[in-house]
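Turn these sequences into a full structure, and let the hints steer you where they fit.
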Amino acid sequence: MGIAFMGAGLGLGLAVIGAGLGIGKLAAGAAEAIGRQPSAAAQITGAVNLPLFLLEGVAILAEVFALLIVLLNRGA
Amino acid sequence: MLQPTEIQHAAEAAPEKFNAAETIIGHVANSGHDHPLIHLPPVMGIDLSVTKHVFMLWLVAAILFVAVTWLVRRYVRQDADRLVPSGAMNALEAMVEFIRDSIATPNVGRKWTRTWTPLLLTFFLFILGANVIGLIPIFDVLALLQHTVLHLPDESFLVRLIHGGTTATGNYNVTAALATITFLSIIVAGSRAHGFVQHWLNLAPGGLAWPLYIILIPIEIMGMFVRPFALTMRLAANMTGGHLALLAILSFVFIFTELFGHAIAGVSVGLVLSLPLAVGISALEIIVVLVQAYVFTLLTAVFIGMAIHAHH
Numbered sequence: 001m002g003i004a005f006m007g008a009g010l011g012l013g014l015a016v017i018g019a020g021l022g023i024g025k026l027a028a029g030a031a032e033a034i035g036r037q038p039s040a041a042a043q044i045t046g047a048v049n050l051p052l053f054l055l056e057g058v059a060i061l062a063e064v065f066a067l068l069i070v071l072l073n074r075g076a
Numbered sequence: 077m078l079q080p081t082e083i084q085h086a087a088e089a090a091p092e093k094f095n096a097a098e099t100i101i102g103h104v105a106n107s108g109h110d111h112p113l114i115h116l117p118p119v120m121g122i123d124l125s126v127t128k129h130v131f132m133l134w135l136v137a138a139i140l141f142v143a144v145t146w147l148v149r150r151y152v153r154q155d156a157d158r159l160v161p162s163g164a165m166n167a168l169e170a171m172v173e174f175i176r177d178s179i180a181t182p183n184v185g186r187k188w189t190r191t192w193t194p195l196l197l198t199f200f201l202f203i204l205g206a207n208v209i210g211l212i213p214i215f216d217v218l219a220l221l222q223h224t225v226l227h228l229p230d231e232s233f234l235v236r237l238i239h240g241g242t243t244a245t246g247n248y249n250v251t252a253a254l255a256t257i258t259f260l261s262i263i264v265a266g267s268r269a270h271g272f273v274q275h276w277l278n279l280a281p282g283g284l285a286w287p288l289y290i291i292l293i294p295i296e297i298m299g300m301f302v303r304p305f306a307l308t309m310r311l312a313a314n315m316t317g318g319h320l321a322l323l324a325i326l327s328f329v330f331i332f333t334e335l336f337g338h339a340i341a342g343v344s345v346g347l348v349l350s351l352p353l354a355v356g357i358s359a360l361e362i363i364v365v366l367v368q369a370y371v372f373t374l375l376t377a378v379f380i381g382m383a384i385h386a387h388h
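Chains as they are written, first to last, in this note's numbering: chain F, 1 to 76; chain S, 77 to 388.
Everything labelled a hint here was simulated from the structure, so no lab data went into it.
This structure is a prediction, so every number in the text was calculated from the model and none was measured.
Hints are supplied without guarantee of correctness; some may be wrong.
To be verified - Per the computed footprint, the stretches of chain S lying under chain F, defined by three or more beta-carbons under 8 angstroms from a beta-carbon of chain F, are:
| # | segment |
| --- | --- |
| 1 | 187-196 |
| 2 | 370-380 |
To be verified - Here are some of the chain F residues that sit facing chain S, going by a computed Cβ distance under 7 angstroms:
| # | residue |
| --- | --- |
| 3 | P51 |
| 4 | I60 |
| 5 | L61 |
| 6 | V64 |
| 7 | F65 |
Every residue gets a Cβ at the ideal spot worked out from N, C-alpha and C, and that includes glycine.
See below:
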């Protein structure tokens, strides 16, 4: 009775919370590290880049699967 | 008494209700397979007809090929001692140096930079080009022209060109093809660096207790497939999502028009709410376009580097 939609929405929200927390911690760590040693700013940014986009990719994967749940259950 | 109400009902039923979901999905997805742009005969059971995303792929490839080849030829044709870039060649050179120095060399190592930089540059320029062309609403302008001025018949090329979205990389089949190239490049890179058999043996580093291998090898094999899959979905979902959001916001105009019955309601909502939001989202889309091209290239370089430097 629409429990698939509820599940998809809930799952997507949880995934976004996780991604937001993770990226926030990354940004906080990066900002603090640059504050301690401003000369290493380029290297720190470079080190942050990769985990940032991997984490964003996880959130996007969650969005894709949530959309899949919704679209596959529209007919049922 | 019956006739005027009948006519009234007929007049009210004539215009269709605005179906937001259908319109949005129609604008974002590929043109339908049943009415392709150019109908080609099936080869070995596969229908090779040209749909809109295939057409956009060819268009992007042609534009990039002509632009880059012309620029580089004009640059190389100078006197060999004093190669000075001018005009757009400056931008191209900056891009090439950026990818070579900050994406290729740190990940792949100096020895293999010349081997893998062309592939990374191709990825970056192609994905950037396909993404950016998706942002330019030239085909929507053509649709406006068609509906107001031209009125071409339904079967003509231009009318078929108008249906469907223009972001070729928003189609997960396109990004899956690019990710397949990454998958094969990882294998080729590892094989060239260590030999074909040794590349596969590098998946499970030596010197571990044997029960660990039972867990490690399936995880590594799964990882081998999950990474290109993630590349696929990341690029496709990012591109589609931005356009979806933009179209949903612009649909507010029509939804409010239908809700209140007057066009002025929709237009006012459009001017106050939709237009600023749409401008903001389009600006965000420009950033997302650049970032996604960069990320795809960076991750490809990282995976190739991981295959080459597997003995850490």
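Quick rundown of the hints versus the structure:
By the rule of at least three residues with a Cβ nearer than 8 angstroms to a Cβ of chain F, the coverage given for the segment 187-196 of chain S is violated, with 0 such residues. Residues of the segment 370-380 of chain S lying with their CB closer than 8 angstroms to a CB of chain F number 4, which satisfies the three-residue condition for coverage. With a least beta-carbon distance of about 11 angstroms to chain S, the hint placing F:P51 at the interface is violated under the 7 angstroms criterion. Against a cut-off of 7 angstroms between C-beta atoms, the interface hint on F:I60 holds, since the closest Cβ of chain S lies about 5 angstroms away.
Annotation: interface hint on F:L61 holds; nearest CB of chain S at approximately 5 angstroms, less than 7 angstroms. The beta carbon of F:V64 comes within 5 angstroms of a beta carbon in chain S, closer than 7 angstroms, and the hint placing it at the interface holds. Below 7 angstroms, beta-carbon pairs count as interface contacts, and F:F65 has none with chain S, the closest being about 9 angstroms; its hint is therefore violated.
In summary, the structure is inconsistent with hints 1, 3 and 7 from the numbered list given earlier, while agreeing with the others.
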